[in-house]
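J.: As you go down the protein sequences, you meet chains A and B in turn.
In this text, residue positions in the first sequence follow this note's numbering: the first is 1, and each later residue adds one.
In this text, residue positions in the second sequence follow this note's numbering: the first is 443, and each later residue adds one.
Because the hints were derived from the structure by calculation, they are not lab data.
In this text, a Cβ means the ideal position worked out from N, Cα and C, and glycines have one as well.
Possibly wrong hints are sitting among the right ones.
[Unchecked claim] Each computed DSSO-like pair below joins lysine-lysine, with the alpha-carbon atoms no more than 30 Å apart:
1) A:367 <-> B:640
2) B:520 <-> A:442
3) A:442 <-> B:455
4) A:437 <-> B:520
5) A:437 <-> B:455
[What the hints assert, rightly or not] Selected chain B positions facing chain A (Cβ under 10 Å, derived; list incomplete):
6) 553
7) 565
8) 572
9) 644
10) 656
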Amino acid sequence: MRTLPFCLIVFAGIVVAVCLSSGQAYAEQQPLELQQLLDQAKPGSRIVLPSGTYEGPITISKPLTLQAAESAGEVIVRNVSQQPAITLQADHITLTGLRIVDEAVKESASILVLGNRSVLDQLQVRTGSHGIQAKDANDGTVKRTTIEWAVDGMRMADKGNGIDLYNAHRWQMTNNTIRAVHDGIYMENSDEALVSRNVIERSRYGIHCMYTKRTVIKGNEGKLNVTGAMVMAAEQVAVTGNTFSKQSENVNSQGILLFDAHKTTVSDNKIDGNRVGLYVEQSTANQMERNQVSYNFVGIQLVEASDNTITSNQFWGNVTDAQARNSDDNTITGNYWDSFRGIDTNGDGHSELTYAINPLFQGLTRKRAAFQLFFQSPGMIFLEGLYQTERTRWTTDLSPLMKPHANLIQTEHQGDKLITGLMGLFMLSCTSLLFYKMRRPK
Amino acid sequence: MTEMRDVAAREMKIGFRNPWAYSFTALFALFMLSLLFINAQGYVTGYSGSSSTMLNLALYLLPLMALMLGSFSLTGEKEEGNWALLSTYPLGTWAFLTGKYTGLAIVLLAIVTFGFGLSGAVGSLLGGGFNFATYGQLFVFSLSLSFLFLGVALLIGTIAHNRWQALTIGVGIWFFAIIAWPSILIAALGMMPYTWIKPALTVLTFLNPAELTRLFTVVKLGGGSTLGPEYYNWMLWIRSPWGTPVFIGVLVLWIGTALTIAYRLWERERRRG
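Same shape as in the complex, but just chain B (with noise of 0.2 Å):
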């Protein structure tokens, strides 16, 4: 525990020393601020249009930054031979991969809640401003899909020899997941038989953190009769007092697998090394 500790302080050491955290969070609250601004006498509520446009530009930015600030921390160890050194300390790949994840995480929650700050205090300066339960949902979406890239991003930086390994493959899943997701999904999944293509939907729809977390929130957002008749019981068990646990429950399982993977190919390196 003391293991992990030290090694989450050192990569909060160094994340909020890193230039690149400092890009992402002016990045991210410019682009908050411009939504707000273009969005002026509005007030954002509910399922609306600027809460869907702020939804999308959250799902734009915020996996791409979690994947480069994880997958680069991990491969940096790699590069600069910093982990060579670690390893010949008692201490364990796991401790080290928590410790990581717990480090960048509080990273990525400081660029969140600033992006935010800025956006709710200037917003109700300006006249327009957020509902406090949208503004709320809003918040713990971009920070669930924030935690559930940092997963994936760990797991490319178990993968990755270098950093640009790293970007290469980041960017790539960032693509498949954010932009050609439904293009892909329609292409391949309307070859199939009728039947299948709504319980196809729904497994891969689990594996995509990014289509998991903007389900739950539109739903959550009151959206959820934009799905369709097909997605009726979707709805219902969302919005049930079940729906926000076991919601939690996906989260913490889906990263717990990401780390365990990544946990099982860093030991097998391990002890090759």
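Isolated chain A (complex conformation) (with noise of 0.2 Å):
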């Protein structure tokens, strides 16, 4: 009889699960039917998973501790079928340390969590869907957990979020990884949940709030997505200390996007080489302070933006600092704009001259996108300084900077400056000699 020394493991394995007081269940050997030990644990249990590859899909319907051994060597639970690899249905249920390899491209997400108060702690997601997906389920944590998409040449469109909430609220997401998936971090009808110090890459936008409320999006770093952060129709949202970088190369790429968002604070930011760092379309009282926008090609652009408070931030080395539209109801003060030159006459480190923002451009390439090419051209630039109709009703920050704050970040590191410097230096000599060479005889 083949199934007798399994069912002599299994047996084992439920011994050694009652009688350890803590309640803690060893799965000594595999393969093994994970699902079956999972069945007969008791709620509130911890199960250990020694190394080696466990075969699913599974579900988890009682609260309990699922983690992998501390020794070396993995615990990987692969799943080629179309449901989710794990299925979280009851509340309090832990994950720690697992590899999931779902790699099949499906509806169904490669974690689902279906109950509150999960956490999900180190694990290691490779995924052909979304990697981690709560729907009305409350008070879950994510953590140090990497999410990477498993299969190569799709478009992004078609691939799944890194996680993915709706319905969902109060969750913490800390201290993740995820990269090349759709949308880093969806968040959908789920209010005041936590976003801090995760790493997003290339994925498309690295944090998404739709319908949420009271979000905290911290300390973040997104780089080469199309955008960063992402905030729709969302309300006192509070994105602080994030970095954003590198969100240049799709045409509607920006650092941070409020889009009807409202009552939202955008503070301490860095916001570095973007094509659009700060962009604010229909989005209503919100405060926008301290951030340091830099290298992007435009710094902000506001579309029928009112009533936002934006103070304090530092704009340098972009293409254009600002552009522009049917936003002159803003209270724009002390921000320091480095194509800007003002006069400070009584000494306060303000200017006394104001700096508008010109809307021709912007007003020009709306009626007709195909001008999008005069960007910064010499004769747009030329054609911008001879427009200055109806100068009041434009956007204007009214008392400048007139020093950015000491503390400009570099970013870039500056390795090859050297070999430029020595290239300039054997172009400078060669061109000297030449002069020399074919100068008028004496």
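Each of the two chains sits in its own frame; use the hints to bring them together as a complex.
T.: As structure tokens, then:
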């Protein structure tokens, strides 16, 4: 009878589980039906899996902890079915240290969370769908987890999200790394989430809020996504201390985008090398302060935005500092604009001349997008200089800062500066020699 | 071939003794340096505020330089009677024109290289300096721009009878191609049906060497996404492996066409004269 040893192992497992006072179970040997082990475990028990490969899909329908043994070697849960690799149906389930390999392209997520207060810690997920999806499940935690898209050669639009929350409130997502998915962290109708210290790369939107309230997005890093943080139809969101860089490849790229966002705070972010640093459209009563907006193609772009406060930001090295259209009733003061040369007559560090943002180019390209070709061409700058009508209605910084704050960041490593210097010296000496040789003989 | 080389060598000799060449060198180097001083702590990399300013400086200065040096060189030959003398020798018009072009191109190369060499060397001493790839792209941009406008310059030199005429036409073309270009196009194309604007703009961009090189360089510097969704395919295409060879092809075609037209006109004049 081939099933006999198997039954014995399961029995041994159960015995161990029962005997240990802490409720710990050790799966001693594998290959093993993980599902069976889970079904037989007591609620509240802790199951420690030794290294090896376990086959999914599995469903956990009681509160318990499933974790990898601390020893060397990986615990891999592999799934080739169309179901989620792991489904969390009950409250209070903790998963720790597992590696989930779920490479089938499908509708259902790799980890589906349906219960409250789940904890997902130190997982490594390779997914062909959403990495982690929570539906109608509150108070979950995802930390120290890596999520990566597994299938090569797929269009961005066909990929799944890294973490996808729907009607899931008060989630905490910290210290995760997410790469090459659709949206890194997508939150819809999910309030009061904390998104902190995550790294999100090469995805569509790094962090995406839809119909959320009081989301906190803090200390994250976004690189090479289409958009770093997208806050849409949201209220009282806080976007602080994040770094968004190099979102410049796509024609719709931006560092931080606010659309239909209200009472949101965007502060102390570093927004570097994006197509548009800060893009604000149809948004009101937002506070944008102390951001460092540098080396973007457009620093800040305002479209039909009103009643926002924009202060103490620093704009430098951008191809153009600002573009604005129909956004004349915002409070804009005390920002530093490096293309602006002001005059400070009373020595308070602020210019008495105002900095007005010319709306010509924005207005022109809205009606005829083809003219975008003239972006910052010498003739266009000349034309903008000529166009000065209705200056009082332009978006204006009333008291721009004269000098930047001392803490300007210089993010680029300057390794090849020396090569350029030497090359310059070489070119200089070659031409000098040529000029000398070709001089008129005396 | 030897005729061409002789003409080129003579042109270089005249060119490097021409005080105009030295004043242009000084002007270009001075402007490059002052931009570098304004942007003292900044490291110039990719498409940014400082590289865009340098791009625009080159767009203002280099075409004007090429147009003046090139057209004056040809009209000078006419005014001083050198051409009347040269045409009695068995010297082909084509060899004469290409020799002129080559000699002047080397002079322009020296001017641009000196300006870039100085700013590259000083830049790295100042603490700012250039990213090497960006430096290279700006340098190639400046050269392409100069060579294209040199082709136009020889055409002007062919049409104009004296330096004054050459100056008038040259400055007119410079103002039209660099300063007034967007204004005129926006006004003219604004009256057209919406769907015609992009194709018309595409064709016209190929006719304006300044816009052609500027857009190529903006995309190469990584700023292609500023052109918006309308030109997404351009961006992909310029950045593909075919981008650079085809750009060089367009460059050669452009200069070749300008020289061919100049040759035809010059030959007609020669037969009449």
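J.: All the hints need checking, so say for each whether the structure fits it.
T.: Here's how the hints hold up against the structure:
For the hint linking residue 367 (chain A) to residue 640 (chain B), the alpha-carbon distance of about 13 Å falls within 30 Å, and the restraint holds. Between residue 520 (chain B) and residue 442 (chain A) the CA atoms are separated by roughly 28 Å; this keeps the pair inside 30 Å, and the hint holds. With a CA separation close to 14 Å, the supplied pair residue 442 (chain A) and residue 455 (chain B) stays within the 30 Å bound. This hinted pair checks out: residue 437 (chain A) and residue 520 (chain B) have alpha carbons roughly 28 Å apart, not beyond 30 Å.
Between residue 437 (chain A) and residue 455 (chain B) the alpha-carbon distance is near 10 Å, which keeps this suggested pair within the 30 Å criterion. The criterion of a C-beta within 10 Å of any C-beta in chain A is met by residue 553 (chain B), whose closest approach is roughly 8 Å, and the hint holds. With its C-beta approaching chain A no nearer than about 7 Å, residue 565 (chain B) sits inside the 10 Å limit, and its interface hint holds. The restraint placing residue 572 (chain B) at the interface with chain A holds, with a minimum CB-CB distance near 5 Å, inside the 10 Å limit.
At a threshold of 10 Å, the smallest CB-CB gap from residue 644 (chain B) to chain A is about 9 Å, leaving the interface hint in force. Taking 10 Å as the C-beta contact cut-off toward chain A, the hint placing residue 656 (chain B) at the interface holds, the least distance being around 6 Å.
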